[in-house]
Each structure stands twice: as C-alpha cells, then as structure tokens.
Amino acid sequence: MFDVQKPETAVDQTAIKIAARNVQVFYGNTQAIKDVDVDIQDKTVTSFIGPSGCGKSTFLRCLNRMNDTIDSCRVEGEILLDGQDIYAPRVDPVQLRARVGMVFQKPNPFPKSIYDNVAYGPRIHGMARTKDEIDEVVEKSLRRAALWDEVKDRLDTPGTGLSGGQQQRLCIARAVATRPEVLLMDEPCSALDPIATAQVEELIDELKQRFSVVIVTHSMQQAARVSQKTAFFHLGNLVEYGDTNTIFTNPQDHRTESYITGRIG
Amino acid sequence: MTLLAFVILLAAVVIGYVMNLRAARAIRDGGTRMHSLEGFHGGYAALMTLVPTFFLIIVWLLFQDTVITAIVKAGLPAGVLGGKGTGEVQLIMSEIRSIAGGRIFGTPEDWKLEAAEHLVALRELSGWLLVAVTAALASAMMYISRRTVAAEFRARQGVERILHGLMVSCAVVAIFVTIGIVASLLFETIRFFQMVPFWDFVLGTNWEPQIPIREDQVAAEGAFGMLPVFLGTLVIAFIAMFIATPIGLLSAVYLHEFASRRVRGVVKPVLEVLAGVPTVVYGFFAILVIAPAIRSFGDNFGLPIAPNTALAAGSVMGIMLIPFISSFADDALGAVPRSLRDGSLAVGATQAETISKVLFPAAIPGIVGGILLAVSRAIGETMIVVMAAGLIAKMTINPLDSVTTVTVQIVTLLIGDTAFDSPKTLAAFALGMVLFLMTLCINILALRIVRKYREIYD
Ligand SMILES: Nc1ncnc2c1ncn2[C@@H]1O[C@H](COP(=O)(O)OP(=O)(O)O)[C@@H](O)[C@H]1O
Ligand SMILES: [Mg+2]
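Residue numbers (the working numbering), protein chains in the order written: chain A, 108 to 372; chain B, 245 to 702.
Next comes chain B alone, as it looks inside the complex:
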C-alpha cells in the first residue's frame, strides 16, 4: 500500500514536470520571452508536488501505528483494562498486535481476537486512505503548479526557494536529533541523581555498582564514585596519545617532506589499511600480542604485572590513532602554500628548519584540531578497552596496573539484567553524560585553539 503511494507520487512528479515543461515550451514557441528556462518550470512543478506529498506520506507512516493503536484500545470492551498498570496494558496491546500479525500463542480470549481483527481492518483502511490522500494532494499540487506557468513567472527563483527551504530543514533535523539525544541522556541522568547524591558520584573514589537485585543476595551496598573510572579513561587516553602523537606527526612529516614518491606510494595505503582495521581486531591484538609481551617483559625484571594492563589497552589504542593523526597532519601540511616553503628555502634554511619553523607553525591549527579529535576518539573508544582493559575500578595512574574506563563500565552496566529504574542501570547514563561533557569540552577547546591560531596567522 505504501509502495503504491510512492509510485503514485513518483508518477505525479514526472507528469507534473513534463506538463509544465511542455506548457512553458509552448509559450516560448509562441514567441514570448520567458523569465525562466522551461526546465525550471518543470522542476518547479516536480518539487511543488514532491516535497509536500512526500512529507505527508512520511508523517502518515510515522503516526499511523500510534493512532490505530489508540483507536483499537478505545474500542476494547469496557472493563477488560480496568485497574491495570501501563506496563500490563502495553503487554496486552503488543499481544493483540502479534495476533494481528498471525502469531498466536495459546488460546487468547475472544475480545483479543476481535481487537486483532479490528486492528487488521484499520490498517487496511489506513493504507487505502493513504493512497487516496496521496493521489489527491499530488494532483492538487500538480494542478496548482500547472496554473503558474506563464512568461513572467519566476520559476527559477521558486525552485531555488524550495531547495533552500529543504536545506534549512535538513540542518534543523540534524540539530533536533542532537538535542533529542542530549535530552534523553539528561533525563535519565537526572533520574540517576535522584537516587544517588550528585557529589557522591562526582567526587566519590569508590566504584562498585553491583547492587543486590533480590533481597536475599549478598552483595555490597553499591558505590557510585566516578573518579576511579574517570581516571582510568584519562590514563588510557594519555598512553594512547603519548604513542600516537609523536609517531603520527613524524610519519606525516616524513611522508610529506622527505619520502620519495615510491615510499609514499607504499606507506600511505598501509596507513589507510591501519585506519580501516575494525577495533575488535585491535582488541585481539592487544590481548594476544601486546599484553603477553608486556607481561613477559615485566617478568624479566621481576615486576608483577596485571593480566589486563592500562599500558596494553592504551598502546594498542595509540596504534589505532596513528593513521588518524597522521592523515590530519598530512592534510594540514599539504594546505600550507608552497610559496612559504620556497620563501624559507630561499633565505638559506635547511629543509628541517623550514619544516619546524615555517610549515609546522602554519599547519598547527589543523594539527591541533586533529590531535584533539583523536583525544575525543580515545576517550570514547569502547571495543579495545572492553577487550583489553580491566573491569575493576582502581584509583591508580600506574600504567602497569589494571584500570577500567567509562565506556567499559557503561557496557558492563547495561549487559544482563537491565531494569531501567535501578541506580545500577541509570549510572550508565550518568557515565554517558560524563563522556559527552568531556568530548564536548575537548571539541570546544579544539575550536578555540584553531580560531586563535587563525587570528594570528591570517
């Protein structure tokens, strides 16, 4: 049914386009000078038909289920829902829906079967209604735009206005999605803080979110101090950046300035492959190669080393970030005008002096931006740390100890029993909020630095 509506829409668009095009051509052939080319008259009709009708179909599809469910619910025999909580009502409605879909379990009561039939009928009706409304709206729009065809009609501006409006609405959608995501995060976070005091979370040094689910379970009270988790994230991100920044930058400088074309032709694709490796694979690498290596290295010196070290997770994450930083720095260096390099060489600077004194400072905004984005990624990276970092939150900055990170804790909190009203689950949202705020701050910082250097260097 939906498909049919789309076919009608498509046909209307094509017909509207052709009709307006023909009409405009006829006017032009009649010898009148047109304000806009015929194509714009056609395009105007197409857009005038497409945009509102498409919008209508989308809205219809989005809301039809809600409306139909409401009608079915209203049509249920009096009393069957009496005294039931929202959860139970929802269960009943989804049972009716699955009966309507042909999946019948056991022997449902008669009123449920009736309701299911009602539902099917309504869906059928809604489908036909959609087709009818689509056809009506599309032909109305076609008619309206056909009426506009005239020598002095500004179809070109009309088309531009519609396209402009479309672009604005896309931007608005993006903004609203962002706001929606942040709002849902914020909402759950607030619920969390109703159960756990804010300062206990922010300043607490103890993270033990395992709360007894049943009365008879023996478990700790549950402590939600985020500091050790936060610290773990910082330690791992720091190790990662400590490895990725110098290697990434120097490899970019080498590739950009010194490498012969042949070397560049080999190394660049290799770096790109590195960037394309899924993070799960990096996780394997951390567990199977790096962690044992660190451990046997430590054994040689008699150092006791935890099986999951921050060093292993951080260094593998650093390897992951190398191509990221390197490609940013490469682009930034490439954007420095050749004339600056020539100017430096022409006063007798060596290539290394030219790079460090002229190219690098000029490329700094791009490089710093890249590094900060890499930091954001390091903080938000999940898979590698889930596999290679530990689970137990420890207040330590020792890279050879096992630490846990914000992302790891979010994953563990949401795996398994998830009742969305226990502080254990809601803590995940609070941690998510922390993560979001961290990356937000870093990105703002990145923008500020870039802007500051722009002011100096423009």
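Pulled out of the complex, with its shape left as it was, chain A reads as follows:
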C-alpha cells in the first residue's frame, strides 16, 4: 500500500492515486461497465474517451460514489483511493466526495451569489471559520479557476448570471475550494464555446500541479491537448489505457484505432 504523503515534496509522477480492480456497474439488470481495471496517477491528467453511451460517465461517477444517488445503480469490484477501498462499509461517501471533487457536463452553479457558491464547500466542512479565512479561500479558488479578475467586483451577484464559460469556471472554483485530492470532470467543455474551452483547458493544466485530474471528453483533440494518460472505453469495457502519446500515435487495439481515426463514432 502507498503512503499517504501530502505531496508538497518532489512530484512523484508514478504515485497511484486511485486503483480500480475488476469494477462492474449495473443499472438494474443491464451492465454498463465490465471488468474495468485502471490505475490513475497522482498529479496527472487522465482522460477517458470513447463513443457516447460506452460508460465513461458511469465509471467516473463510481470514483466519488455519485452513483449512490441513483437507486438502480449497483457497483461491484474494488476501487482504492490511496490504498483504501472507497466502497468499504465504514467509508462515508460524504467525506469521500470532499476528497474527490466533481465538475459536471452542464455548469450547475447554485442560485446563490458567486461568493456563496465558492464558500459553500469550505463552510460545510468547517475548513474556514472566520470571515477572513473564507474570503481568502474564495479568492484563492477563484484565482485558481482563472475567474477572479472577471468577478472580483461583483462577488455578491448571482452565480447564475454569469456566462456559460464563467459558470463552468465558477463550478471548478467551487470544486477546488474544498481542496480535493482528485478532481473529476465530466465533459466540462461540452457546453462551452471555443474561447471558454481554451480557458478551461489551460486551467486543467494548472490544476494538475496540485490534484490528480480525471476528465471525460468526447473530443480527441482535447484529450491529446490536456492529458498525459488516456483510457479508451468501448461498450462498457476499458479497451486500452496508456500514455496519451502512445494511444494516439500507436494504438494497440484495432477498436482504439478505428475510434481515433473516426470509424467508430
């Protein structure tokens, strides 16, 4: 098992943050994920690609137990975060989600002020108690999400009044404000225009300094641009997993190759 080091020390590129073993996911009687084994490294951007409906979101939601909120969903197998099984009975999914944050496909800011959106997590977890501490967390998170300069003069206006790209960055700020160790992003750019997309991608690159980032995307260019590791899913199976470069230049599996060259869609 791995030591849980707060890695302010030298970046250990090969430290494995999340290890999934033999994961099966069912919705009722239909199986959405079959026999998935994957090791997600710390301080790395890992992208999940694959045709729609292949189970990328489903697998991603297993990593912070968001699937618990779907009644019909059942997860089997083992998912280890820093060596501890996150589906063990004594694990509290609520605390797990504070460590493994998530950004959704559609920006979903709360109908509250920008400030309250970002302060939501820290307040709930008691991470910042005084007004000054919260102010600091909010500013830091918004800066990290590259949104600070645009909103610093209107922190008390509703977060829902921002543009789509700004809303998504606000959601990223909200997710990083709880200082998670892993950040899951489910197609975070699918509702954004190219400029906003570029901003978010830049952000993801920044974020990997501190977190392990897992991003689902249907854009292969995006996967190639932002990620170091890529996993290709097809019909609920993890077909191929490896360095992004290798996957895109020299895929081992013919299905990966067909998808990358545009023959499976």
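I should point out that these hints are in silico values taken from the structure, not numbers from a laboratory. Computed from a predicted model, the values in this text were never measured in an experiment. All C-beta atoms in this analysis are idealised placements derived from N, C-alpha and C, irrespective of residue type, glycine included. Treat the hints with care, as some may be off.
[Stated by the list, open to error] Pairs of lysine-lysine, PhoX-like flavour, derived with a Cα cap of 25 Å:
(1) B:K601 / A:K259
(2) B:K601 / A:K247
(3) A:K213 / A:K259
(4) A:K315 / A:K247
(5) A:K238 / B:K601
(6) A:K259 / A:K247
(7) B:K356 / B:K317
(8) B:K328 / B:K356
(9) B:K317 / B:K328
(10) A:K238 / A:K213
(11) A:K238 / A:K259
(12) B:K601 / A:K213
[Said to hold, decoys possible] Okay, the calculated bits of chain B under chain A, using three or more residues with CB under 8 Å as the criterion:
(13) 351–361
(14) 591–597
Once you have looked at the hints, place chain B with the ligands on chain A.
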C-alpha cells in the same frame, strides 16, 4: 324551439365544413396549388358559421325574457299599474308569468289572464323567430364562406384569426365577471357605509349586529365594529398556519428526499385523500374529536375552556391545509434541477445540508406562493369555522377562548330575515369586502415575493 335552433346551427356547421372541403378539393384536384390545406377551408366555413350564429342565439336567449316582459307590461290595460311601486309591479309580473306557466292560484283578474295569454303567444313567436333568424344567419355565413374558397385564399390564417379572437373574448369574459363581482360587492358596501360611519366599522371594537327589526323588540342598538371579527379570523388563520406550515413542509421534504418508493406510494395517496375530504367533515371532526379533547385536557389542569375554541377550529383547519402546502412544496422541490442536488452532493454535502442550503432556497418561490395561498384559504374558509368556532365576537387573541370570524359573521348575517336595506344585512357585504381585500393583498404579496426571488435566482 331553442333545441331546434341549435340543431339547425349544427347542421349548418357540418354542411359548411363539408361544402368548403369539397370545393377546395375540387380546386386542388384541378391541379392548382392551394395556399391552405382543404381542412382549413372546411374549418374556416365551420367557424365562420358557428361563432356569429352561436353568439346570436346566446344573446337572444339572454334578452328575450326582458323584452317580452316589457312588451307585455306595455300591453296591460291602462290604469292597472297606476300608482304602484316597483316591488308591486314586479310581483304582478311574476304572477302573470306563473299563470302563463300553468300555475294558477285563486282566481286572478281577467286582465292578468289576458296578459298571460299574450305572454305565451309572444314566447311562441320569439321561439319561431329565433329559429328563422338562426337559419337565415347560418345560411348567409355558409354562403359567404363558400364564396371565399379559392387557391390563394388564406384559410389557415383566417382560422387562426378566429380562434385567436375566441381566446381573447374568453379572457375578456373572465375579466368582466371579476369586475362585475367586485362591483356588486362594492355597491352594497357603499350602501352600508351610508348607514354606518366608515371609521366606526373599521376601528370599532364592538360587534353586535342584532338590530331590532320591529319597534317593540328589545335589543341593543347594534354595533358594527369589525376589529374583533377581523382579529378572530387572524387568530384562527394563524393557528391553522402554525400547524399546517411545518407539518406540510417537512412531510414534503421527507416524501421528496428520504422516503422509499413504497412509503411514498402509501403516503401520497393518503395526503390526497386528506385534500379531498369535504370541509363539513372536518367540521364534524373539530366538534366531535378535537374540541372535547382540548376541553378534557384543560380540565386536567383546571383551565376553564370554552366549548368552541379558536384552537379547535384553527387546528382542524390546519390539518385541512397540510396536503395543500405539502403538495405545493413537493412540486417546488421537484422543479429544482437534479444538477443542483448533484453539485451540492459532489462537494461533500450531506443530504440534509443539500436540502436546507440548496434545494430549499431554490424552491422558495413555489413554497412561499403555496403558503400564502394556504393563508388565503384559511382566511376564506367558512364551513369549519361555522361549525367549530363561536358566534360571539370577542376582542381576544387567546386561542382557548371562543372567537368568531369574518366568514361566520357573513353567514349568520345572511341567514333568516334578510331585508336588503338594513345595515345588518349590508354589513355582510362590507365584511365580504374586507375578506376580499385581505386575500387580494395576500395574493399580491405572494406574487411580489415570488418575483423577487425569481430575480435573485434566475
Ligand atoms: N441513470 C441511469 N439509469 C439507467 N441506465 C443508465 C443511467 N445512466 C446511464 N445509463 C446507461 O449506461 C450506459 C453508459 O452511460 P454513460 O456512462 O452515461 O455513457 P457515456 O458517459 O460514456 O456517454 C448507457 O447505456 C446508458 O444508457
Ligand atoms: Mg457522459
């Protein structure tokens, strides 16, 4: 006769539809490109015939009695109505009408019998006239719309225009009915204030509307201070909301967020049954169960408790309002997008935090709207308080005392001897006006709150 007119109308509509449809088809089969589909040409004819003719029949039926009565009255022998008041004339006319209907009491004078015959004849005539006019108008409209059929005629737009006009007139009818109701209320209220000074009513603390009807009756002068009645309504409504709001909201949250599907499947229908119970039955419940329970509870502590307490009426009214609030809150919670809940859970919030910090604030407009509508209902609710609250107006906010409400007083004022020119009866209208203004204010407030939150949350 009226039936015949409607049959003619229906036939004209169908024939007009078919004729235009056929004609349009013929043009299309001739190879011309039509602007509108054949169905629209048919529909245009049907509507063109239906709407004006139907309107004519309705207007005819509404006014025929007035017109006929006027003619009969004008035809009465000179002198028989001389020097009689409006009330007496009305009595005579209704006697003539009942003779015409075959109900003869005693031996009426000859001129009344003659007038009755006149009336019957006029009615007969009016019926035939209606049929004739209907037939004429319907066929004219059929003819006009048949003439319009042509390749370039915009029947589709025509149909839409007519339907649009119909919708507008329905809206106008609704508005006018409202205005009419308010106006009649206002009219009687003004008459009341001609007899009782405005400020005595609004600020008076004494409500004793029993006025002597005959000179020799011994009764109080009659006092019309609405404050105690108004206060009674507020006390009961407050008790009702005090019970209904927390229970309704919490049950909605439980059902929406925590209950398993099985529990939900049982509890929701039960709540709906609760909403369907007639208020009279709630009244029984208040009298037979709640009031004795409160009384024996009070006896244990040596508290003297009135037989009709505000608490009994208010709490039963609260029970009545639970499903109302709960279903509003349930809808409001259901309308909050799932993505918000997911977003909150994903930063590690518990379900309770998610509900109280995200779902509830987002659902507030709907919930507040529901609560305020419930308040309106509590204020206007009549049956439960008539049965379970008292009749005597007391200036008190003690829930264990007997109070009366605006609605109860309206009912008691209008039961029994009702001469529509005594302040006792007219006071009912003034109270009705108070009730109307109260609920109007609450509804405006509800709208404002909802709009304010919309601005914040959109
Ligand atoms: N809540 C759900 N209930 C039932 N089936 C679901 C649900 N969500 C996803 N699925 C099914 O699981 C499969 C994988 O879906 P998903 O993970 O959303 O795919 P992707 O994100 O790769 O497009 C699909 O076949 C989908 O129909
Ligand atoms: Mg998906």
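Original post:
Of the hints stated earlier, which fail here?
Top reply: Per hint list: 10 and 13 violated.
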